[in-house]
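A.B. asks: Those sequence lines, one after another, are chains A and B.
So the first sequence is numbered by my numbering: it starts at 1047 and just counts up by one.
So the second sequence is numbered by my numbering: it starts at 383 and just counts up by one.
Among these hints, one or two may not hold up.
[Stated by the list, open to error] Where chain A lies over chain B, by a calculated footprint (3+ residues, C-beta under 8 Å):
1) 397-407
2) 426-437
[What the hints assert, rightly or not] Distance ranges between label pairs, derived from CB positions:
3) B:R507 x A:G1103: 33 to 43 Å
4) A:E1065 x B:P522: 32 to 42 Å
5) A:G1105 x B:M383: 57 to 67 Å
6) A:A1068 x B:P509: 41 to 51 Å
7) B:E472 x A:S1073: 23 to 33 Å
8) B:D418 x A:I1067: 28 to 38 Å
9) B:E390 x A:E1136: 41 to 51 Å
Hints were generated in silico from the structure; no laboratory data involved.
Nothing here was measured: the structure is a model prediction, and the numbers come from that model.
Each residue gets a CB set at the ideal place from its N, CA and C atoms; glycine is no exception.
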Amino acid sequence: MVHVLGEIDLATAPQYRSELIAAASASTALAIDLTDCDLIDSVGLGVTVGGARRMWGAGGQFAVVTNDRIRRTFERCRLDEILDLVDAPEALPAA
Amino acid sequence: MIPTHTTELDIPAESRFVATARNFVADAARHGGWMDDQRLDDLRLVVSETVTNALHAQATSSVDELIHVVAAVYADRIEIEVTDSAGGFEPPDEAPALPEPDLRREGGFGLPLIEALSDEASFTRTPSGTRVRVVVFRDPPAA
């Protein structure tokens, strides 16, 4: 589980990307917890899509735990259609 | 209509100042009576995307000038102008449509987000770069 606090934008996306890549290489089921995230911008959305592609490409699982404001941003970009967005970690599919 | 107040900010072309611009405009909005709600979230994201575009444009042109941000607060809306000095960028006539969702696509969300979250967005060529003007009404447009 990668747990993100604060805001994901141009400045913080590189750290988000490196954390996500590190976690993806160490696991077959990865969840990104964005429930304590206040903002995700287009750069952060792209990093998240990259994480999904990496995990699913390797046959693993990938899910994003969102709060309402973060989910809205994913939905604005129709990424809820291709990513697994869940409201709480308990809703994650079993690894 | 005259704005209730107008504030201006020049930020260095560095990624950490995207948050500075975002908070600057959000503070101007709160000063104008906006509440911390979904529309303020929209406004913050619009500012992020607009300033990020300016940073990308200048980085592509190897320009290190300050980026100029103006926030004019009206009773019913905020008008934001972000001006960069990245000469050579050809502004789009209108923001491009959202691409089809695709796992192979990690970019291209910025301009569609600006279009989706703002009530007006326009791109103007200036002598030295591009000025992006976006308008966000306090109340979202009726669906």
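A.B. asks: Work down the list of hints and note, for each, if the structure agrees.
C.D. replies: Taking the hints in turn, this is what the structure says about them:
1. Remark: the stretch 397-407 of chain B is confirmed as covered by chain A, as 5 of its residues place a Cβ nearer than 8 Å to a Cβ of that chain, reaching the required three.
2. Judged by the Cβ-Cβ criterion of 8 Å, the stretch 426-437 of chain B is covered by chain A as claimed, because 6 of its residues qualify and three suffice.
3. Range check, R507 of chain B to G1103 of chain A: Cβ separation about 41 Å, and the 33 to 43 Å hint holds.
4. For the pair E1065 of chain A and P522 of chain B, the beta carbons lie near 34 Å from each other, so the given range of 32 to 42 Å is met.
5. The supplied range of 57 to 67 Å is met by G1105 of chain A and M383 of chain B, whose beta-carbon atoms lie about 58 Å from each other.
6. In this structure the supplied range 41 to 51 Å holds for A1068 of chain A paired with P509 of chain B, their Cβ-Cβ distance being about 46 Å.
7. For E472 of chain B and S1073 of chain A, the Cβ-Cβ distance of about 43 Å falls outside the hinted range of 23 to 33 Å, so the restraint is violated.
8. A hinted range of 28 to 38 Å holds for the C-beta pair D418 of chain B and I1067 of chain A, which are about 33 Å apart.
9. For E390 of chain B and E1136 of chain A, the hinted distance range of 41 to 51 Å is satisfied, since their beta carbons lie about 47 Å from each other.
Of the numbered hints given earlier, the model fails hint 7 alone.
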